[in-house]
Amino acid sequence: MQEFIQNDLTFVALPLFFAAIALEAWWSAREGLGWYRGADTLASLSMMVFAGIVEIAPRLLAIVIMVKLHEVSPLRDVVQHQWWAWLLLFLLDDFSYYWFHRMNHQVRLFWAGHVNHHSSRYLNFGTALRQGVGERIHKFLFWLWLPLLGFDPAMIITMVSISLFYQFWIHTRAVGRLHPWVEAIFNTPSHHRVHHGSNVRYLDCNHGGVLIIWDRLFGTFSAELDQDPVVYGLTTNIETDNPLKVLGHEYCALARDLARCDRWADRWRYLLLAPGWSHDGPDKRARVLRRQQASCLSAV
Numbered sequence: 001m002q003e004f005i006q007n008d009l010t011f012v013a014l015p016l017f018f019a020a021i022a023l024e025a026w027w028s029a030r031e032g033l034g035w036y037r038g039a040d041t042l043a044s045l046s047m048m049v050f051a052g053i054v055e056i057a058p059r060l061l062a063i064v065i066m067v068k069l070h071e072v073s074p075l076r077d078v079v080q081h082q083w084w085a086w087l088l089l090f091l092l093d094d095f096s097y098y099w100f101h102r103m104n105h106q107v108r109l110f111w112a113g114h115v116n117h118h119s120s121r122y123l124n125f126g127t128a129l130r131q132g133v134g135e136r137i138h139k140f141l142f143w144l145w146l147p148l149l150g151f152d153p154a155m156i157i158t159m160v161s162i163s164l165f166y167q168f169w170i171h172t173r174a175v176g177r178l179h180p181w182v183e184a185i186f187n188t189p190s191h192h193r194v195h196h197g198s199n200v201r202y203l204d205c206n207h208g209g210v211l212i213i214w215d216r217l218f219g220t221f222s223a224e225l226d227q228d229p230v231v232y233g234l235t236t237n238i239e240t241d242n243p244l245k246v247l248g249h250e251y252c253a254l255a256r257d258l259a260r261c262d263r264w265a266d267r268w269r270y271l272l273l274a275p276g277w278s279h280d281g282p283d284k285r286a287r288v289l290r291r292q293q294a295s296c297l298s299a300v
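For the sequence shown, my numbering begins at 1 and goes up steadily by one.
I should point out that these hints are in silico values taken from the structure, not numbers from a laboratory. All values derive from a computational prediction rather than experimental measurement. Where is the CB? At the ideal position from N, CA and C, for every residue including glycine. Just to be clear, a hint being listed does not mean it is correct.
The list that follows gives simulated cross-link-like pairs (lysine to any residue, SDA-like), each with its CA atoms no further than 20 Å apart [unchecked claim]:
(1) K245 x R37
(2) K284 x L244
(3) K284 x R201
(4) K68 x L148
(5) K284 x L271
(6) K284 x L254
(7) K68 x M155
(8) K284 x P243
(9) K245 x L234
(10) K284 x N242
(11) K284 x Y270
(12) K245 x L42
(13) K245 x V54
(14) K284 x R269
(15) K284 x D266
The calculated label-pair distances, taken between Cβ atoms and stated as ranges, are [as the list claims (entries may be wrong)]:
(16) E31 x R263: 48 to 58 Å
(17) I137 x G32: 34 to 44 Å
(18) C296 x V12: 17 to 27 Å
Using the sequences provided together with the hints, build the complete structure.
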């Protein structure tokens with residue numbers, strides 16, 4: 001367990017994160033940019049605390065399972081700590097994160113545990129710590145295949161924490177577009193601003209962790225466009241900074257939708273289809289809204 005704690009960079013990074021938040025907030029106030037609001041940032045920090053508490057048991061269980069899976073892997077003596085193993089693990093970890101993150105947006109039950117990360121109408125380093133809470137329960141399921149490929153669980157935890165460290169720095173409006181080659185390969189502040197947008201064009205796009213190549217490969221990429229400035233937050237925003245409401249509002253909405261159904265088939269659809277599906281109202285899923293928007297534009 002001590003080895004796993006040593007390989008988790010989160011505890012080392014937190015002081016650096018807090019310093020970055022303070023510096024960005026100071027700059028925003030000095031320049032009158034309006035990037036921060038005190039109550040919103042406090043809600044974000046509350047989500048960080050809740051997420052850390054909720055993750056304890058699932059993480060410990062996942063580590064135990066990873067160790068057991070690694071023990072039965074026929075590749076455990078082949079894949080060790082070689083340079084190529086770290087490089088391969090970097091790619092596979094980022095691939096796992098992409099699907100974990102994408103499913104958090106396209107399965108409503110998962111979205112209920114991720115939505116609080118998107119519920120702020122601000123994008124700043126504080127928002128980066130506004131972690132999804134409910135998603136901590138199922139998160140590590142998306143990484144359990146890696147120890148079967150022979151990767152040491154301690155390596156996996158290290159790579160997961162490196163990815164999260166990188167992702168903190170893309171939650172900012174202070175950095176514009178980078179060199180085209182960087183924008184083509186890596187997840188950048190520009191790409192991640194899109195991910196936090198409530199514009200129809202940007203909904204459910206740019207799920208990558210460190211790399212943006214998965215979004216380009218699987219059709220979930222959208223570039224940030226000057227003619228369509230990013231509007232941060234949700235398609236229907238919550239008007240509260242109460243941490244408990246920020247944490248649970250989508251679970252409550254999901255429960256109300258399930259209670260309205262007479263058929264179990266519709267209940268399963270509410271749980272497993274993307275947010276916006278309704279059994280008795282308009283379909284407001286992101287792909288449907290984009291299709292409708294494209295039809296309107298083509299008709300003009």
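Hints, verified against the model:
no.	hint	in the structure
1	K245 x R37	18 Å, holds
2	K284 x L244	26 Å, violated
3	K284 x R201	13 Å, holds
4	K68 x L148	9 Å, holds
5	K284 x L271	15 Å, holds
6	K284 x L254	15 Å, holds
7	K68 x M155	15 Å, holds
8	K284 x P243	27 Å, violated
9	K245 x L234	15 Å, holds
10	K284 x N242	27 Å, violated
11	K284 x Y270	12 Å, holds
12	K245 x L42	13 Å, holds
13	K245 x V54	16 Å, holds
14	K284 x R269	14 Å, holds
15	K284 x D266	16 Å, holds
16	E31 x R263: 48 to 58 Å	54 Å, holds
17	I137 x G32: 34 to 44 Å	41 Å, holds
18	C296 x V12: 17 to 27 Å	50 Å, violated
Consistency with the previously given hints fails for numbers 2, 8, 10, 18, ordered from lowest to highest.
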